[in-house]
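Engineer: Take a look at the letters that make up each chain.
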Amino acid sequence: MNRILIEQIFRYDENQMFILGSLFPDSLENIRKSTIPKATSVKGIKFYQLQDTISGYVHLQQNWDSYNAIPVSATAIETALEVLSQLNKDDIFSKGIEVNVFPMRDGGIQFEFDADGRHSADLCAELEIDRDGQMFFLQFDADANMVKKAPIYSYDLSEISILLEEAQYV
Amino acid sequence: MSDYIITVEDYLYRRVPKNNPNYWKEINGDKIPSSFAFKTKPNEDGLSVNIAALTTLKATVGNAKEVGIAEISAATPIGLGYQCKQDKQPDNDAHALIIGNTNPIGQRH
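As they're listed, the protein sequences go chains A and B. Taking the numbering used here, the leading residue of the first sequence gets 1, the next gets one more, and so forth. Taking the numbering used here, the leading residue of the second sequence gets 1, the next gets one more, and so forth.
Keep in mind that the hints were calculated from the coordinates and are not lab data. Predicted, not measured: the structure shown is a model, and the values here were computed from it. Take the hints with a grain of salt, since some may be wrong.
[To be verified] Covered stretches of chain B (chain A as the covering partner; in silico rule of three or more C-beta atoms under 8 Å from a C-beta of chain A): (1) 13–27; (2) 70–76.
[What the hints assert, rightly or not] Mimicking DSS-like on lysine-lysine, the simulated pairs with C-alpha atoms at most 25 Å apart in a straight line are: (3) B:K31 / A:K43; (4) B:K25 / A:K148; (5) A:K46 / B:K18.
Using N, Cα and C, we set each Cβ at its ideal position, and we do this for glycine too.
Chain A extracted, bound-state conformation (with noise of 0.2 Å):
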């Protein structure tokens, strides 16, 4: 088979920063489609960076915080990954808010939405998922006095981008 593989390619074009995968020309547009993202751009790294924090959960221990926390449940990882993938559809990583992901002593899994009024308004929220993967979306003040905390359903995860917009601009 007539086959180049370029094992990367890093293109610069207008503040973001191409990676391309392993190409096979006669296949290339199929490939680009379907198997791996087309074009992923700095947002998209800090995308696949917490999909592997999320994924490397799983290897936490009893104990792993020193105070007898529980191991991070896997339905709580399998609903963070699907929180994440929706907040990468939303294009929440595009919009200002920083996103950093933590587990929680329980089992569960807690993101952390920050905007510091530079780029966007001010933000801080959280999302926690307990290990048995409900969820609840909690907002701040800057006093970090809680001023909402909303229930979010599995079916209706774009509600995490709508409250954080909605965060942003109030």
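Place chain B on chain A using the hints.
Structural biologist: Just chain B now, kept in the frame of chain A:
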């Protein structure tokens, strides 16, 4: 010996993971601690800490691996209405509890 009374002048130590999992988040270049290490589990009476005046950083780390120490001013939980109470353990007189669900403290440490 009577119990030590924790006041707003005191500082409290809590172990936090160093790398696995990562405890810090970076917001526009500034490193900020996550709130997760300060949240109680549903079945806990409070958040375990050590009273700084009665211990050392080294003793607080003990045999735990890959941990650092977060120092919290007792004024924070006390100011939020939490009771901070010495809770001596057989091997640790400095142990104390911030009584109740401490999730709101996580945002203010």
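Engineer: It remains to establish, for every hint, whether it holds in the given structure.
Structural biologist: Here is how each hint holds up against the structure:
1. Residue count for the region 13–27 of chain B with a Cβ under 8 Å from a Cβ of chain A: 10. That meets the three needed, and the coverage hint holds.
2. Counting residues of the region 70–76 of chain B whose beta carbon lies closer than 8 Å to any beta carbon of chain A gives 0, which falls short of the minimum of three for the stated coverage.
3. For the hint pairing B:K31 with A:K43, the CA-to-CA distance comes to about 20 Å; that is within 25 Å, so the pair holds.
4. Note on B:K25 and A:K148: the hinted pairing holds, with a Cα-Cα distance of about 22 Å set against a maximum of 25 Å.
5. As the CA atoms of A:K46 and B:K18 are separated by approximately 21 Å, the hinted pair is consistent with the 25 Å bound.
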